[in-house]
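**Student:** The primary structure of each chain is shown beneath.
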Amino acid sequence: MRRSLLFIPSNSPAMLQNADIFGADGVIFDLEDAVSISEKDAARTLLDTFLTMYPLNKLEIIVRINQIETSITSKELEKIVSDRIDTIMLPKATKESTLILLNQLRNIEHEKKLTKKINIIPIIEMATSVLEVSDIAKVERVNGLLLGAEDLASDLEVPRTLESLEILMPRALTILAAKAHKIDAIDTPFIHKDDDEGLVKDAKFAKQLGMNAKACIHPNQVEIINEIFSPSMAEIHQALRIIEAHERPENIHKGAFSLDGKMVDKPIIDRAHKLIEKAKAWHLL
Amino acid sequence: MILEGFTPYGDKHPNSCLKINHRPSNNTNKQLRSITDAFDKLQIKDGMTLSFHHHLRDGDFVLNMVLDEIKKRNLKHITLAPSSIFPIHEPMVELIKHGNIENIVTNYINGPVAKTVSEGYLKGFLTMDTHGGRPRAIESGELMIDVAFIATPAVNSFGDGNGIQGPSQCGALGYMMSDLMYAKHRVVITDFMTEDLLIKEIDGHYVDYIVQVDKIGDPQGIVSGTTKPTKDPVQLKIAKDTIKVMDALGLIKDGLSFQTGAGGTSIAVAEILRKKMIENNIKGSFASGGITSYLVNMHEEGLFNELYDVQCFDLEAIRSYRDNPKHHPMSASKYANPCHESVLVNDLDVVILGATEIDLNFNVNVTTDSHGYLMGGSGGHSDTAFGSKVSIITSNLVKSRTPIIKESVTALTTPGSTVDIFVTERGIAINPKRKDLIQKLNEVSFPMMTIEDLYHKSIEITGKPTPLIKSDKIIGHIRYRDGSIIDTLYQVRK
Chain A
1 MRRSLLFIPS NSPAMLQNAD IFGADGVIFD LEDAVSISEK DAARTLLDTF LTMYPLNKLE
61 IIVRINQIET SITSKELEKI VSDRIDTIML PKATKESTLI LLNQLRNIEH EKKLTKKINI
121 IPIIEMATSV LEVSDIAKVE RVNGLLLGAE DLASDLEVPR TLESLEILMP RALTILAAKA
181 HKIDAIDTPF IHKDDDEGLV KDAKFAKQLG MNAKACIHPN QVEIINEIFS PSMAEIHQAL
241 RIIEAHERPE NIHKGAFSLD GKMVDKPIID RAHKLIEKAK AWHLL
Chain B
1 MILEGFTPYG DKHPNSCLKI NHRPSNNTNK QLRSITDAFD KLQIKDGMTL SFHHHLRDGD
61 FVLNMVLDEI KKRNLKHITL APSSIFPIHE PMVELIKHGN IENIVTNYIN GPVAKTVSEG
121 YLKGFLTMDT HGGRPRAIES GELMIDVAFI ATPAVNSFGD GNGIQGPSQC GALGYMMSDL
181 MYAKHRVVIT DFMTEDLLIK EIDGHYVDYI VQVDKIGDPQ GIVSGTTKPT KDPVQLKIAK
241 DTIKVMDALG LIKDGLSFQT GAGGTSIAVA EILRKKMIEN NIKGSFASGG ITSYLVNMHE
301 EGLFNELYDV QCFDLEAIRS YRDNPKHHPM SASKYANPCH ESVLVNDLDV VILGATEIDL
361 NFNVNVTTDS HGYLMGGSGG HSDTAFGSKV SIITSNLVKS RTPIIKESVT ALTTPGSTVD
421 IFVTERGIAI NPKRKDLIQK LNEVSFPMMT IEDLYHKSIE ITGKPTPLIK SDKIIGHIRY
481 RDGSIIDTLY QVRK
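Which chain is which? The protein sequence lines are A and B, in order. Just so you know, our numbering puts 253 at position 253 of the first sequence, and the rest follows in order with no gaps. Just so you know, our numbering puts 140 at position 140 of the second sequence, and the rest follows in order with no gaps.
For the record, the hints were derived by calculation from the structure and aren't laboratory data. Treat each hint with caution, since some may be false.
To be verified - Using C-beta positions, here's what the derived DEER-type ranges look like:
#1 B:G463 <-> A:E197: 53 to 59 Å
#2 A:P249 <-> B:G463: 58 to 64 Å
#3 A:R160 <-> B:S285: 44 to 50 Å
#4 A:S134 <-> B:K231: 55 to 61 Å
Everything numeric in this text was worked out from a predicted model, so none of it was measured. The beta carbon of each residue, even a glycine, is placed where N, CA and C say it ideally should be.
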């Protein structure tokens, strides 16, 4: 369950050391854009050592690798794929590169005799990715889609703006593909790290569209994002009322019943259960 | 180990609150041409004790001018009693090594002098006091000052003075008051003479001599370096969590009295508190201590009714002290002297403090680093921790790969019995002695850890550091606010 995923550069020991203190639901250890080409191998080794030595309890461990077409990727995967990580984040994802990654993961997991299956979060950050987004979402092990608006804007040859009109359609398509395949729709990070007001506005808009999580490029963004993507106390209260009403003897076997003069049916009951599950996981109950 | 003749911490100091008479001056012809003249007039000689305040902080020229005169005259066995020592006082190093300066009594020591004393060059003894303990020692006669050199930004011909006029403004002059009233002789040093003083914080009746010099300080060094909230995400998290625990304890309420420092984390705490108070329409009673622009803003926004100021940390604080009628100066004695009848620290609800080390019994070290080098001192740390209803220590759990929690601290500055809450980026520990706080936090399901949990967490990250082996040579001691000796300081092993 995700609300906030925090990017941490893998070449910074001080930042690695504090990766788990900010309350993010997951940490994305970055081997791609945050690490210059000359530091890639050192960052890989540092991250590998860090993950071996350092206990990161209850945190989703995600590693953003380099683009699958580059020669570094296979070395990275060989080194980094282990039982200590949960998810690989794939930049510039296409259907083809996502399938290649899936096969590589299967091979490495088999060779290393891993006890778990590593998930995939493709980044939708090229025009091609947007057009293929539904096919990407249906690849096995893909359990979330991250919209990457900065690279996408470059690909679209448009400036990135605070209003984000230029990414409205890709945002909507990413959400639709994710929801259609029952996986997470993860919003693009808000890059103005000192603009809390802008972050609140952007995150609320993304949530309104259907995103259920957002990436963070700075630890100070985590608290705001968690708050926005968590259910409110009113929503939790209403979900509890729905569950309680459904469990009454007169309603338990009904397909639909009435609460406060409104019809409650299976999708609403399922949503209430899902919401309460999240609230429990995030210690809101 | 406590040296013979001193009272160990925990025992009652027999003469702790004696009070000697204060000493108004009979002198009417006060103006002298130079510090040299003052030395001649007062017959300053070997073995005397000379005192200074630290309101000019790292921009202070006055102590160095006096050191220069000591050097010229090759005086020996001098005891210096500045309320703090900063890197600018480096010229003291040579005089320590040559035996001119034999003993030092201070509340805070940093920079090259701290290093020199740590390495054992001081022939006599270092006494580390607190901001409240120093006026207690002076007023009780325990620290007898022969001559107090009082840097004063603005002075009239009678010797009255203040810190809010002239080119070297530093604001309130709280730390010099005991020196002014109880030293055998007082010399006011200024770079600005005027007969139009806006206020008279220094009463000329106590002043023996006035010396005008070109410059008493460097304004760049006088105002504190850090006057903005931290942007460091770890420290910001600590600041946010500090406010959360205060809120959970119900401390953020009308009438709140509050003190914090001038560092980035402290200012972030003040800034977050400000937002919280505005959100909930809360009006505090007073903020105190060293005053920063953030506390001034809160006062001017009506969030704190009054400010009690022992020293101004920045230009905004100086401006407010001059302009705001409820921004009051206070002496160090009124601020923190345990023998003062209405000492302010006892009225504090909450104080936010730092730590270099903290141990499993909540004892705090802010005097040395983990290698034993002097790098600070109590200042008002022990005083406010003792007096406030709730004392909160904030610190990173791991600093530069060193865990902050030790099995025992390298030097004991503030006893754990006066420390209530420890806030780190990885959790908050409550002193088990404060069962009332633990119960309140349990009632609202506030997440807490034990200090042992935090210790183990830090060791998990850094490994267990090899314990410091102290040398045998004693270089000084830490004197608690009541005059008892709370710890002994040893020379570092080179």
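**Student:** Identify every previously stated hint that the structure contradicts and give their numbers, smallest first.
**Tutor:** 1 and 4
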